[in-house]
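> Protein chains in written order, with full-length UniProt numbering: chain R, 1 to 225; chain B, 1 to 225.
Derived by calculation from the structure, the hints in this document are not laboratory data. Careful: at least some of the hints might be erroneous.
As the list claims (entries may be wrong) - With a straight-line Cα cutoff of 20 angstroms, these simulated EDC-like cross-link-like pairs (lysine to aspartate or glutamate) come out:
| no. | chain 1 | residue 1 | chain 2 | residue 2 |
| --- | --- | --- | --- | --- |
| 1 | B | K82 | R | D91 |
| 2 | R | K87 | B | D91 |
| 3 | B | K95 | R | D64 |
| 4 | R | K112 | B | E108 |
| 5 | R | K112 | B | E111 |
| 6 | R | K82 | B | E127 |
| 7 | B | K61 | R | D91 |
| 8 | R | K61 | B | D91 |
| 9 | R | K44 | B | E143 |
| 10 | R | K112 | B | E127 |
| 11 | B | K44 | R | E143 |
| 12 | B | K44 | R | D138 |
| 13 | R | K44 | B | D130 |
| 14 | B | K112 | R | D91 |
| 15 | B | K82 | R | D92 |
| 16 | R | K145 | B | E50 |
| 17 | B | K145 | R | E50 |
| 18 | B | K112 | R | E108 |
| 19 | B | K61 | R | D64 |
| 20 | R | K95 | B | D64 |
| 21 | R | K44 | B | E108 |
| 22 | B | K44 | R | E152 |
| 23 | R | K61 | B | D92 |
| 24 | R | K82 | B | E111 |
| 25 | B | K112 | R | E127 |
| 26 | B | K87 | R | D91 |
Quick caveat: nothing in here was measured; it's all calculated off a predicted structure.
Below are the chains, spelled out letter by letter.
Protein chains: 2
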Amino acid sequence: MAESMSLLWGAGSCPSWRLMLTLEEKNLQGYRQKLISFEKNEHKSQEVLEINPRGQVPTFKYGDIILNQSTGACLYLENQFKAQGTKLIPDDPAKQAMMYQRMIEGLELTEKLNWVVYYEFLVPEGERHDAALQRHRDTLTTELKLWEGYLENVAEGSYLAGPFSLADVVGFPNVAYAFRFGLSPERYPKLAKYYNLLKDRPTIKATWPPHWFESEQGFEALKDV
Amino acid sequence: MAESMSLLWGAGSCPSWRLMLTLEEKNLQGYRQKLISFEKNEHKSQEVLEINPRGQVPTFKYGDIILNQSTGACLYLENQFKAQGTKLIPDDPAKQAMMYQRMIEGLELTEKLNWVVYYEFLVPEGERHDAALQRHRDTLTTELKLWEGYLENVAEGSYLAGPFSLADVVGFPNVAYAFRFGLSPERYPKLAKYYNLLKDRPTIKATWPPHWFESEQGFEALKDV
Chain R
1 MAESMSLLWG AGSCPSWRLM LTLEEKNLQG YRQKLISFEK NEHKSQEVLE
51 INPRGQVPTF KYGDIILNQS TGACLYLENQ FKAQGTKLIP DDPAKQAMMY
101 QRMIEGLELT EKLNWVVYYE FLVPEGERHD AALQRHRDTL TTELKLWEGY
151 LENVAEGSYL AGPFSLADVV GFPNVAYAFR FGLSPERYPK LAKYYNLLKD
201 RPTIKATWPP HWFESEQGFE ALKDV
Chain B
1 MAESMSLLWG AGSCPSWRLM LTLEEKNLQG YRQKLISFEK NEHKSQEVLE
51 INPRGQVPTF KYGDIILNQS TGACLYLENQ FKAQGTKLIP DDPAKQAMMY
101 QRMIEGLELT EKLNWVVYYE FLVPEGERHD AALQRHRDTL TTELKLWEGY
151 LENVAEGSYL AGPFSLADVV GFPNVAYAFR FGLSPERYPK LAKYYNLLKD
201 RPTIKATWPP HWFESEQGFE ALKDV
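Just chain R, same shape as in the assembly (with noise of 0.2 angstroms):
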């Protein structure tokens, strides 16, 4: 099966990483695959938007299947493919709510982490405000905050929703990111303890965006969050 998919993906995007993830977890190794170069602007390139006119990554085909939308992807796989690798959607139902509900909230910690970490990026150079960097911090803040009282009985085989499932293929990129960028394991020890439970299991070692082997990390936009 895996023959007929094929994958643009892009190095640290926390949405690359979720499709990556699951497509490890459920066996389907084996795609075609290459890495598109934000810095050259191939993300923007004829290849990516024939497939996604939205010009992002991931890109997902699937025989004539496409899928950009990396939530909808993961879930469209886990449906498809139930009976393979991990189980990534729990059947009791007060696992499957939590995991639902975590997975989409983790749509929303990813967009506040951007906003911090890419503030300069996304805002142009005369419409930026220190109060407006100011008040994403806080708002990040308060959701890491948060994340870190979801984590509060985190431990070997209990992730976010209990068993690895789908809320950890949307959360633990944006956990991994936030350290990378500096967030301090001493301020958020759940967190931190949450990171060091995950960051070796094989699909995620498997999953690793390359370029964080080769450079320290060293990044502190999140330090003082």
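With chain R's structure known, arrange chain B on it following the hints.
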């Protein structure tokens, strides 16, 4: 079942509408409900915050289960009540993929609508820029043209992903909202056709924002988009 459900909702909130529409489609009438006034800041009241620390609507409880993210709640309800009411996730793989793709894309449309309609609410006075608002309008125009293309072949019974589905549960409130705020049916004829095909659907009429019946359209935020 519906007797153990309770909903706090806001009138004209796309997320609230999605959830109420799903409850109707799944024949889950009879839940307890309360209309929350944004003007009175009731979405930040203790009653909401106890269930939803984000202070947002919808706020939804089903027994002990809390599901405040509307898209997550809709997915959950469809999965728990598959055989009841309208089938909102198609079985056919191509239609199912399209459903997930458009459902998640619908969240992008909501966000882009909000940036134009609520710009002054979202951005404090000293930080507003005509250029920024214009950019948000351009972004929304591009987005709406995408949807106009997605609906190229819209017809009775053939909506965003074939028969009425969760793609429409997310998509229709966006479109209704756009026309409410003055979008031109002449410039977006396929969106207008989609709107007219669905606006009298019984579940949509049953969940129509009540204050929209009372006052004429008369809003012009999207007149020139």
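> A separate judgement is required for each hint: does it hold in the structure or not?
Verification of the supplied hints:
At most 20 angstroms may separate the alpha-carbon atoms for a hinted pair to count; K82/B and D91/R meet this at roughly 14 angstroms. Distance restraint check for K87/R and D91/B: the Cα-Cα separation of roughly 19 angstroms lies within the 20 angstroms cut-off, and the hinted pair is therefore satisfied. A threshold of 20 angstroms between alpha carbons decides the hint, and for K95/B with D64/R the separation of about 12 angstroms falls inside it, so the pair holds. With a C-alpha separation of about 15 angstroms, the suggested pairing of K112/R with E108/B holds against the 20 angstroms cut-off.
Note on K112/R and E111/B: the hinted pairing holds, with a Cα-Cα distance of about 14 angstroms set against a maximum of 20 angstroms. Between K82/R and E127/B the CA atoms are separated by roughly 48 angstroms; this puts the pair beyond 20 angstroms, and the hint is violated. For the hint linking K61/B to D91/R, the alpha-carbon distance of about 19 angstroms falls within 20 angstroms, and the restraint holds. At most 20 angstroms may separate the alpha-carbon atoms for a hinted pair to count; K61/R and D91/B meet this at roughly 19 angstroms.
Distance check on the hinted pair: K44/R and E143/B sit about 16 angstroms apart at the alpha-carbon level, within 20 angstroms; holds. Of the supplied pair hints, the one linking K112/R and E127/B holds, its CA atoms being roughly 19 angstroms apart against a limit of 20 angstroms. With a C-alpha separation of about 16 angstroms, the suggested pairing of K44/B with E143/R holds against the 20 angstroms cut-off. A C-alpha spacing of about 17 angstroms is found between K44/B and D138/R, which places the hinted pair at or below 20 angstroms, so the restraint holds.
Taking the CA atoms of K44/R and D130/B, the gap is about 26 angstroms. The hint is violated against a cut of 20 angstroms. A threshold of 20 angstroms between alpha carbons decides the hint, and for K112/B with D91/R the separation of about 34 angstroms lies outside it, so the pair is violated. At roughly 15 angstroms between alpha-carbon atoms, K82/B and D92/R fall within 20 angstroms of each other, so this suggested pair holds. Taken as a hint, the K145/R and E50/B pair is honoured in the structure, with Cα atoms around 16 angstroms apart against an allowance of 20 angstroms.
Pair hint K145/B plus E50/R holds up; C-alpha atoms about 16 angstroms apart against a cutoff of 20 angstroms. For the proposed pair K112/B and E108/R, the alpha carbon gap of about 15 angstroms is at most 20 angstroms, so the pair holds. Taking the CA atoms of K61/B and D64/R, the gap is near 39 angstroms; set against the 20 angstroms cutoff, the hint is violated. Using a Cα cut-off of 20 angstroms, the hinted pair K95/R and D64/B holds, with the two alpha carbons roughly 12 angstroms apart.
Note on K44/R and E108/B: the hinted pairing holds, with a Cα-Cα distance of about 18 angstroms set against a maximum of 20 angstroms. Under the criterion of a C-alpha separation no larger than 20 angstroms, the hint pairing K44/B with E152/R is inconsistent with the structure, at around 24 angstroms. Of the supplied pair hints, the one linking K61/R and D92/B holds, its CA atoms being roughly 17 angstroms apart against a limit of 20 angstroms. As the CA atoms of K82/R and E111/B are separated by approximately 32 angstroms, the hinted pair breaks the 20 angstroms bound.
Our distance criterion of 20 angstroms between C-alpha atoms is met by K112/B and E127/R, whose separation comes to about 19 angstroms. Note on K87/B and D91/R: the hinted pairing holds, with a Cα-Cα distance of about 19 angstroms set against a maximum of 20 angstroms.
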